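S.K.: Listed below are the residues making up each chain.
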Amino acid sequence: MVNTWSYLARLAEIEVGEHFYWEIGKYKVHGQVFLVSWFVMAVLIVASLLATRNIKRVPEGMQNFMEFVLEFLRGLARDQIGEKEYRPWVPFIGTLFLFIFVSNWSGALIPWKLIQLPEGELAAPTVDINTTAAFALLTSLAYFYAGISKKGLGYFADYAQPSPIMVPFRVIEDFTRPLSLSFRLFGNILADELAVAVLVLLVPLLIPLPLMVLGLFLSGIQALIFATLAGSYIGEALETHGHGEGEEEHH
Amino acid sequence: MMINRFLLAAVGAYINMPVLADSGGLFDIDATLPLMAIQFLLLAVILNAIYYKPLGDAIDERASYVQGQLKQAKEQKEKAIALAQQYEQELRAVRKQSQEIIAKAEAEAQKLVAEKVQQAQQEVIAQRMKAAEEIAKEKEEALSALNQQVEALSSKILEKILSV
Amino acid sequence: MNPIIAAASVIAAALAVGLGAIGPGIGQGNAAGQAVEGIARQPEAEGKIRATLLISLAFMEALTIYGLVVALVLLFANPFS
Chain P
0 MVNTWSYLAR
10 LAEIEVGEHF
20 YWEIGKYKVH
30 GQVFLVSWFV
40 MAVLIVASLL
50 ATRNIKRVPE
60 GMQNFMEFVL
70 EFLRGLARDQ
80 IGEKEYRPWV
90 PFIGTLFLFI
100 FVSNWSGALI
110 PWKLIQLPEG
120 ELAAPTVDIN
130 TTAAFALLTS
140 LAYFYAGISK
150 KGLGYFADYA
160 QPSPIMVPFR
170 VIEDFTRPLS
180 LSFRLFGNIL
190 ADELAVAVLV
200 LLVPLLIPLP
210 LMVLGLFLSG
220 IQALIFATLA
230 GSYIGEALET
240 HGHGEGEEEH
250 H
Chain Z
0 MMINRFLLAA
10 VGAYINMPVL
20 ADSGGLFDID
30 ATLPLMAIQF
40 LLLAVILNAI
50 YYKPLGDAID
60 ERASYVQGQL
70 KQAKEQKEKA
80 IALAQQYEQE
90 LRAVRKQSQE
100 IIAKAEAEAQ
110 KLVAEKVQQA
120 QQEVIAQRMK
130 AAEEIAKEKE
140 EALSALNQQV
150 EALSSKILEK
160 ILSV
Chain F
0 MNPIIAAASV
10 IAAALAVGLG
20 AIGPGIGQGN
30 AAGQAVEGIA
40 RQPEAEGKIR
50 ATLLISLAFM
60 EALTIYGLVV
70 ALVLLFANPF
80 S
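Protein chains in written order, with numbering that gives the first Met the number 0: chain P, 0 to 250; chain Z, 0 to 163; chain F, 0 to 80.
Keep in mind that a hint or two might mislead.
[Unchecked claim] In silico EDC-like cross-links for lysine to aspartate or glutamate, where the CA-CA straight-line distance does not exceed 16 Å:
#1 Lys47/F x Glu118/P
#2 Lys149/P x Asp78/P
#3 Lys55/P x Glu105/Z
#4 Lys150/P x Glu235/P
#5 Lys150/P x Glu238/P
#6 Lys95/Z x Glu105/Z
#7 Lys25/P x Asp56/Z
#8 Lys52/Z x Glu66/P
#9 Lys27/P x Asp27/Z
#10 Lys55/P x Asp56/Z
#11 Lys52/Z x Glu70/P
#12 Lys83/P x Glu66/P
#13 Lys55/P x Asp59/Z
#14 Lys27/P x Asp29/Z
#15 Lys83/P x Glu235/P
#16 Lys149/P x Glu238/P
#17 Lys27/P x Glu118/P
#18 Lys47/F x Glu36/F
#19 Lys83/P x Glu238/P
#20 Lys150/P x Glu70/P
#21 Lys149/P x Glu235/P
#22 Lys129/Z x Glu139/Z
Calculated directly from the structure, the hints in this document are not laboratory data. Keep in mind the model is a prediction, meaning the values are calculated, not measured.
Chain P on its own, in the form it takes in the complex:
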């Protein structure tokens, strides 16, 4: 009995802020994040290869499923960016969604704790602020790139579009966007894992299941939100006219 409890206790341990460090040259990286992210990438690549191995006009099995996913991703990008310009952005937004989604679900579904690391523990890559910040910064770069490649430096002139008073707000927004993107994802996934872990710590069996299911649902929504926001930022940067004129048409 005591042995069982101690085993369960070891499984239920909560580790926050501990990392399995690898040293590359003089830089330190979080090994556990990379291990799981490689797993996620492998899953995505294998699924893609399985789906495209033998492309048929009438899709079957894996191809059918992955086509459904692709249609969903295209719809997501199209809703935010618009029919005309969404196509080149599908890989970026789609990969954001897929990577975050598979990461979140792998963190919730796969019992990584059974694999012992010398330090830290394996978990979804998205519970590490580095991952989410990387995605958020890439999103910022993406929408700057989108705006500048379309309008040149005139993109920044759009900051003063309805009135020059908007300029400081828009500049602040450029900083708060990646901050809120990264913290939203990081905080949600971490909060979810912590809530499940605390409940597991208190009642190891069965009781945490509903919370885990809720966590699966919420982490799926978080992936959707991240991708949707990235798409809407890019779409806003690609918009030809200022915000005000676009909105006036709606009234």
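With chain P held as given, fit chains Z and F onto it using these hints.
M.R.: Just chains Z and F now, kept in the frame of chain P:
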């Protein structure tokens, strides 16, 4: 009891561990960030090559195929409708023609009947007239014969009377 | 860690989560109520309303999560320790 002890131990572990962690912590941003970004871009490129492009092409190709088929089917349907209309028109024309023929035949037949009836009537009238003529002639003959007899008789009567 | 700082951090963390939950709680309640009203009035729009509601709920949820992140900073990565 046992659960209590476990809880204490577990909560103790929970409180001790992270706070005492020497390095790192929750917001430990290091080389993981740029490497992750590069890795992500790499993944996007790979997935673009093995997933988005081929399957997207397949979807587009299917969409255009379906659209082509739909268009073809529409054309065929239109053709079929036109053909049906043509047939219907022909049918109508034929029906009209047949009705005309019937009407013509009926009219001819009626005309024939009318002619025959008229002829018969004329014959009847002619016969009647002939008969009437004959009757009149015979009447006349009879009358004249009667007249002669009357004259003969009257002369005889006269003779008798005179001779008396 | 200085015990006063530790105590202050724990109280601050509790306040961060607790106070941070009030606004989003009210907001989520409002949003959900309006959504239910919308579904009752127009049952055929349920799918669209539900999708929009979920996304808006997640945005409101994020506000509490920011509070939680601050709490976690205070507990696990306290800059003053």
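S.K.: Are any of the numbered hints broken by this structure? If so, which, sorted upward?
M.R.: Structure breaks hints 1, 2, 3, 7, 12, 20.
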